[in-house]
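Protein sequence lines, in the order shown, are assigned to chains R, U and S.
Numbers 1 to 157, taken from the working numbering, label the letters of the first sequence in order.
Numbers 1 to 531, taken from the working numbering, label the letters of the second sequence in order.
Numbers 1 to 435, taken from the working numbering, label the letters of the third sequence in order.
Hints in this document: simulated from the structure, not taken from any laboratory.
Just so it is clear, the structure is predicted and the values come from calculations on it, not from any experiment.
Zero decoy hints are in this set.
Think about it this way: if two alpha-carbon atoms lie no more than 27 angstroms apart in a straight line, the pair counts; the simulated DSS-like pairs of lysine-lysine are:
id, chain 1, residue 1, chain 2, residue 2
1, S, 377, U, 84
2, S, 426, U, 129
3, R, 11, R, 72
4, R, 51, U, 188
To be clear about the criterion: a stretch of chain S counts as covered by chain R if any three or more of its residues have a C-beta under 8 angstroms from a C-beta of chain R, and this derived list gives those stretches:
id, stretch
5, 158-169
6, 177-184
Here a beta-carbon is modelled for each residue, glycine too, at the ideal position from N, C-alpha and C.
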Amino acid sequence: MFQLSAEGKQKVLNELKRYESKQSAVLPALYIAQKENKGHVNAEVIKELSKVMEISEAHINEVCTFYTMYNKQPIGTHHIQVCRTLSCMLNGAKELSEHICSELNVHLGDKTTDGKFTVTEVECLGSCGTAPMMQIGDKYYENLTNESAMNIIRSLK
Amino acid sequence: MPKCTINGVELEVKEGTTIIQAMYDNHQKIAHYCWHPGLSIAGVCRLCMVEIEGNPRLQIACNTVVTEGMKVNNNSPKVKEAVKWGLDFHLINHPLDCPICDQAGECGLQEQYMEFGQYNSEMAEAKTKKHKVVDLGPTVVLDSERCVLCSRCVRFTDEVSKTNELGIFNRGDHAEIGTHAGKELNNKYSLNTVDICPVGALTSKDFRFRQRVWYLKDSEAVCNGCSTGCNVKVYFNKEGVFRVKPKRNDAINGHWMCDDGRNIYKFVNKENRQLKGMKLANGQWTVDLHAGSVAKDAAQVLKAASSDDTALVLTGQHTVEEYESIVSAFVNQFKTKNVYHWWNSEKTASDFDGLLIRGDKNPNTKGLQTVLAKHGVQTQWSQLESALNSGKIKNLVVVGPENVGVYNDLAEKQNLFAKAHNFIFLTAAKADVLKENKSFKNVFVIPTKTFVEKAGTFVNHAGVAQQFKKVTTIVSEALTVSEAATLLVGQDIKVDIVADQDLFNAENKRADQVALDHRKKNEFIFQRGRL
Amino acid sequence: MSEVKYLTEFYHLPEFKTLDGYKKNGGYKELEKALKMQPQAIIDEVKNSGLRGRGGAGFSTGMKWGFLPKNNEPRYLLCNADEGEPGTFKDRMMMERAPHQLVEGMIISGFAIGSKKSYIYVRGEYDASIASLETAIQEAYKAGYLGQNILGSGFDHDMDVYRGAGAYICGEETGMISSLEGSKGQPKLKPPFPAVQGYLKKPTIVNNVETLAAVKYVMRDGAQGYRKYGTEKSAGTKLFSLSGNVVKPGNYEVPLAYPLKDMIFNLGGGIKNGKKLKAVIPGGSSAPVLTADEAMKATLDYECMAQMGTMLGSGAIIVIDDSKCMVECLANLTHFYHHESCGQCTPCREGTGWVDKITHSILSGKGRMQDIELLLKVADNMKGKTICALSDAAALPVISFVTKFRDEFEYFVREGKSKVKGTAYKGHSHAQMHH
Numbered sequence: 001m002f003q004l005s006a007e008g009k010q011k012v013l014n015e016l017k018r019y020e021s022k023q024s025a026v027l028p029a030l031y032i033a034q035k036e037n038k039g040h041v042n043a044e045v046i047k048e049l050s051k052v053m054e055i056s057e058a059h060i061n062e063v064c065t066f067y068t069m070y071n072k073q074p075i076g077t078h079h080i081q082v083c084r085t086l087s088c089m090l091n092g093a094k095e096l097s098e099h100i101c102s103e104l105n106v107h108l109g110d111k112t113t114d115g116k117f118t119v120t121e122v123e124c125l126g127s128c129g130t131a132p133m134m135q136i137g138d139k140y141y142e143n144l145t146n147e148s149a150m151n152i153i154r155s156l157k
Numbered sequence: 001m002p003k004c005t006i007n008g009v010e011l012e013v014k015e016g017t018t019i020i021q022a023m024y025d026n027h028q029k030i031a032h033y034c035w036h037p038g039l040s041i042a043g044v045c046r047l048c049m050v051e052i053e054g055n056p057r058l059q060i061a062c063n064t065v066v067t068e069g070m071k072v073n074n075n076s077p078k079v080k081e082a083v084k085w086g087l088d089f090h091l092i093n094h095p096l097d098c099p100i101c102d103q104a105g106e107c108g109l110q111e112q113y114m115e116f117g118q119y120n121s122e123m124a125e126a127k128t129k130k131h132k133v134v135d136l137g138p139t140v141v142l143d144s145e146r147c148v149l150c151s152r153c154v155r156f157t158d159e160v161s162k163t164n165e166l167g168i169f170n171r172g173d174h175a176e177i178g179t180h181a182g183k184e185l186n187n188k189y190s191l192n193t194v195d196i197c198p199v200g201a202l203t204s205k206d207f208r209f210r211q212r213v214w215y216l217k218d219s220e221a222v223c224n225g226c227s228t229g230c231n232v233k234v235y236f237n238k239e240g241v242f243r244v245k246p247k248r249n250d251a252i253n254g255h256w257m258c259d260d261g262r263n264i265y266k267f268v269n270k271e272n273r274q275l276k277g278m279k280l281a282n283g284q285w286t287v288d289l290h291a292g293s294v295a296k297d298a299a300q301v302l303k304a305a306s307s308d309d310t311a312l313v314l315t316g317q318h319t320v321e322e323y324e325s326i327v328s329a330f331v332n333q334f335k336t337k338n339v340y341h342w343w344n345s346e347k348t349a350s351d352f353d354g355l356l357i358r359g360d361k362n363p364n365t366k367g368l369q370t371v372l373a374k375h376g377v378q379t380q381w382s383q384l385e386s387a388l389n390s391g392k393i394k395n396l397v398v399v400g401p402e403n404v405g406v407y408n409d410l411a412e413k414q415n416l417f418a419k420a421h422n423f424i425f426l427t428a429a430k431a432d433v434l435k436e437n438k439s440f441k442n443v444f445v446i447p448t449k450t451f452v453e454k455a456g457t458f459v460n461h462a463g464v465a466q467q468f469k470k471v472t473t474i475v476s477e478a479l480t481v482s483e484a485a486t487l488l489v490g491q492d493i494k495v496d497i498v499a500d501q502d503l504f505n506a507e508n509k510r511a512d513q514v515a516l517d518h519r520k521k522n523e524f525i526f527q528r529g530r531l
Numbered sequence: 001m002s003e004v005k006y007l008t009e010f011y012h013l014p015e016f017k018t019l020d021g022y023k024k025n026g027g028y029k030e031l032e033k034a035l036k037m038q039p040q041a042i043i044d045e046v047k048n049s050g051l052r053g054r055g056g057a058g059f060s061t062g063m064k065w066g067f068l069p070k071n072n073e074p075r076y077l078l079c080n081a082d083e084g085e086p087g088t089f090k091d092r093m094m095m096e097r098a099p100h101q102l103v104e105g106m107i108i109s110g111f112a113i114g115s116k117k118s119y120i121y122v123r124g125e126y127d128a129s130i131a132s133l134e135t136a137i138q139e140a141y142k143a144g145y146l147g148q149n150i151l152g153s154g155f156d157h158d159m160d161v162y163r164g165a166g167a168y169i170c171g172e173e174t175g176m177i178s179s180l181e182g183s184k185g186q187p188k189l190k191p192p193f194p195a196v197q198g199y200l201k202k203p204t205i206v207n208n209v210e211t212l213a214a215v216k217y218v219m220r221d222g223a224q225g226y227r228k229y230g231t232e233k234s235a236g237t238k239l240f241s242l243s244g245n246v247v248k249p250g251n252y253e254v255p256l257a258y259p260l261k262d263m264i265f266n267l268g269g270g271i272k273n274g275k276k277l278k279a280v281i282p283g284g285s286s287a288p289v290l291t292a293d294e295a296m297k298a299t300l301d302y303e304c305m306a307q308m309g310t311m312l313g314s315g316a317i318i319v320i321d322d323s324k325c326m327v328e329c330l331a332n333l334t335h336f337y338h339h340e341s342c343g344q345c346t347p348c349r350e351g352t353g354w355v356d357k358i359t360h361s362i363l364s365g366k367g368r369m370q371d372i373e374l375l376l377k378v379a380d381n382m383k384g385k386t387i388c389a390l391s392d393a394a395a396l397p398v399i400s401f402v403t404k405f406r407d408e409f410e411y412f413v414r415e416g417k418s419k420v421k422g423t424a425y426k427g428h429s430h431a432q433m434h435h
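Given only the sequences and the hints, what does the whole structure look like? Please build it.
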């Protein structure tokens, strides 16, 4: 049973008062809950948020399933998101993504066996001038080569 | 009051009316899925395209307000091409489920395809797969592949039932209707979502696989589930009634009805009915008697009775006309004012859930009260109880409720009624349970007709009188309360004998119903069992 | 013509990001000036400057502001920092390097339209931008540029940042409003337009980051001063995001009507790895593609782009060299739109999926010759019928790629491999990408 920590609950309650409308707090609240639930949102998380925010579960689930940054499945400690859209593709993003997957011995979308990494391909991250690039967690890593990408990844704990 | 021209027809409409509302009110055809007069505007299906003079782009009719002098049409080649493509987009991922889908025969996609389609699909790619046969709750089944994402059901649970169980999850063409994580679509109005779903995505568990809709006729009636008196359409054929759907009445029930009301058809069908008369005399039950003969025997008993020891019990489940005939029979012929109102839901009568359901589970309490007042009847139920207990009442006529599901005090009342020496019971529902009660002495059971089998008037909680016509006959031998009353006072009634095999067609000759002669090949109901 | 540093004059200074560094270089002077003017005068000045929306639609900013009701009804100013159009990365640079520029531009704009509350809706992936903006806003509150009675003018204004969660459709103004209201980012029916009924059914103005930042410069130089760059109909400067197969990709600020060939070969340093130019997408992936010949003749302004059947859009210039397969490029874009369609209206929801499937069929060597005409037909019927322009945006690349590079598509269908690369497509299959 997922339950928000006292601190997390307070954060959510603060968000409810922060915007012009109480419902605007749904997006920030999902981020807060996701952080406390090891990086993903599941049915338990939504039930808890629904209780705390007094907003229907169906609505919160609609928001969760609509946006890509809420992970619906458990992910590895580090979420490696390689941009796949046109400018990056023109600069070798596909090859980079395949290289990372084969080096980490994982399929796209799956977790590595040691649980450290999940690799996914995502749409344009707004870093087209420094392609190819990837986002790990909240940070951007740009102007990558196969080698520099793997160095960064291997340096992560 | 702006004037406009739609498809060459000049119309004057109220300020703020949308084009689609104007077309709907004036019986003009326009393709649409997501618009519904009882829900907010969504504008997502993009089918209700119209051409407005002076505007190079086609507009959707549901979100465009009529302005003075507007010239609109939806029959130009440009519009037809747009609608054809709109329909094509709806169909490219739609599964080929017609042979097993309940909605066939009343399906929005089928209708629009015959109207605007009739093309060969060019979709050669694999269709998107979604969840099928999802159990949404106690009443509804979802088939996501068939869903056209019109969002009517979601808007319904948000705006009308206000229960917020449904949502549309995921983005793009992975979008699906659903409830969250096993939460049920479980509210008292859930089956309205099945009505408003234009395709077979939401189907009723109760009706699923039971009958093809082109083997059903429909007729209007007034629901007898409670004192709201929602207007309904009853769907039936030779085998009986299959389902009940709401009929729009802006003054009474809007576009909706409650789930309880949908079950009223169950007690009118043969399997739950008292089909023939029965008698108990000298400890022996005689069954399979003709209704008329039992009534005549009862008439003899009443003739010999005195006005003091005779009483009549009525419930609020019958028509004003029936009350009039039986109450006047008792007051004028039997010269007794011992008429009692069996009102099981008196205490909860003023309950109201804010939408449609009321606490008085009788459709015509007001009608009964009016008739009783008219004949100067002023009695209390407690008086009947003491009169029966003291043995003062020897001859008791009870016109029993037909919607026995809402009468949970039946058993307790039986023991009370058994105190009478002669118990004359007019009932539509099966009365076999009486046989188990050994306290009865003399019983006359007369089968009566249900509300769909007679014309009449119900007066609802607000005093609105609603007249309805006969829908069909299910038990031909049963009597209406008026006919029984006539027999009980010793008079005769005229009976038209129609052979059983001709009964259905003789009764249901409405011009707009299709002839069901071709049904001869399919004489049986498709009992596929229930989910 | 050359590159200019108009909005970007001080972007090379790391301190420009801070309040002190910003103030040292002219920061908040225009706010002081604006607060002493009449709001309507500011709106007129912006209208006369010819400033057009820099996010993609190119609508006259002053005219948009003029649609607001002229009463005291509360209204909102929303800054669209969702920047999802593939190829665009200019707003990110502006928010990371010059957050105060945007804040000042927004306070001035808020004053002009009479709005007491504004939000900056930033896409969820732009973590650095969000941090940068939140810090700047805090500094601004502390210094009295936000809050009550700003600089003693009697004008109150509150500003907050709202984080998106990953949806391109939230870059559409009503999609953004829906998202800000705490729902799915699904665009709303228009009419009513946001200026009449927007966020929480109140009058709302939605403007792009660059547009709002430019307002400060209209204040500084006046309408005529702003018009010293650009043309009559395309006034001012614009930031263009150059990417793809060029030597020096990046953000470049140039006066409007700057020649596209100079952007690619001067500022961009030409095509890298010794390849030749084959195609250019001039305004973000939703803009119809130009062939190399067309690109050499084009100037970067609204009229020329429209005349050539494409659009200036967000100003994202994606350069494609002659070693790239156009079928593969189109498949990349159809996948994008298929993934990003919100799913509300049927032509877009089903159409984006259909063209994606057909293009990938061709790409995997299983295409049929009639698929090429079918692509054109389906795309054509996705246009002009939907709630928002995503459907049109998805259709335009399909039509332009297939029309202008038809030979590559026909080759792929006939031979099952790329005309340019000579090999079959080796990559994740369509099924793998849609888990």
